[in-house]
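Chemist: So the chains spell out like this:
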Amino acid sequence: MDSYDNEWIIRYVDGELSPEEAGQFEAAMRTDTALATEVERYRELKAVLHERLPGDPTLDALKQRTARLNEQFFQQTRIRKAPTLRFLSTVAAAACIIAVIIISWPSETTRKLDQLGETSMIGITERGNQTDTLLQKASTFFNEKQFDKALPILNQAVIADSSSQLALFYRGVAAWHTGDLHVARTSLRQVYDKGSVLQNQAAYYMALTYAGEKNKTLALEWLQKIPATAPEHVKIIELEDFLK
Amino acid sequence: MPTHPDQRYIEGLLYNDGSTVDEIYRKYAGAIRKFIIKNGGSGDDAADIFQEALIDLYNQARHKDLQLTCPFEAFLVLVCKRKWYNLQKKRGLHRVTNSTDEVSQIGEDPFARAEQLALEESRARLFLEQFARLGERCREILKLSLTGEAQEKIAERLSVTYGYLRKKKSECMATLLSYIQAQNS
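Line order of the protein sequences matches chains U and G.
Quick note on numbering: my numbering labels position 18 of the first sequence as 18, and the sequence is numbered without any gaps.
Each number in my numbering comes from the position in the second sequence (counting from 1) with 1000 added on.
Honestly, the hints are just simulated from the structure, not real lab data.
Not one of these hints is a red herring.
Facing chain G, according to a computed beta carbon distance under 10 Å, are these residues of chain U, among others:
(1) Glu38
(2) His50
(3) Ala61
(4) Leu62
(5) Glu71
(6) Pro227
(7) Ile237
Predicted, not measured: the structure shown is a model, and the values here were computed from it.
The beta carbon of each residue, even a glycine, is placed where N, CA and C say it ideally should be.
Hey, can you work out the whole structure from these sequences and the hints?
Modeler: See below:
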């Protein structure tokens, strides 16, 4: 492509060369594959710009629709505060505490389960009622991986408000970490049965309680309760692979 | 080869039909998410790939009269896989393809069409990205020049001479071509 630059290519495709110049250009194209490739590229560029530069309201609307659906089907677990709903407000508190729990269990299996059972809670929005105060207190121990200390406080929180899905859920998780599988499963089962936004997470931890006992059938059964579109899928796939 | 009954999904995208697009997400988003995550991607990667694939299908239906000759799911999965492999390649990551299996599952024709679609849409995206890098005046001149309106009228509208418009248009296109060539080198 030494003898012809982009301006020549443009003038050729746009029909602005004299017949003589066009003939010479075509002769060069027959022996210069790079030149022929660039001519094709320019033709494609023109076609794309011609098709797509004018506005397309249907495409814009489709982009908006798919962006909304992406939020719905692909978003990661994000729990937001909704002040008018007590339940959602409590869930928002869960979004605000973070604790990464890593326990040094002896075997590879338990280490893997521990990794899969890492629980993140980010901060807490305190509203001042008794359950939230207890949750705040429990979160301190929870964050320090002192589940044996967090568990009795979470018990109190459940007694103070037996409908608190957040208290039940974290009691289940803390109990699982301390090895109290009965309390863990009872709490998580209640959360699951309630059908709240924590339902899938409860099912996931139920699966973990069975995975720890090497009860593959029940673990997989619980995982199957979680819809394929649930945001927990990253860990679900890992746990499924691990179990299989 | 006859058009597959699943062409209705393509039509649904083409006309932005709410119930069809919802159905596509309900039926296929989970599988694509699973594939991307299993192959080293994140949930966000999966969301981007899925959405882009649907937009690519729309563009191909709109501008290239895309006709499905295999089930929609198989074609969508192929397009998403191709896009994912290309993205991994761009990120400098190793990729593993299973082309032989895919060809045997859905046939050579749809496989080749999906490959072609991914390539064409990737190039179109590059062209538009590079176009956006041009100065405002260049973008305006090229936009107007490609409408098919007489060049003399465009020159008048832009308050420039016809000769200037031709020269400027050629310069802007040459710059755009050089941007694109630089991306491909």
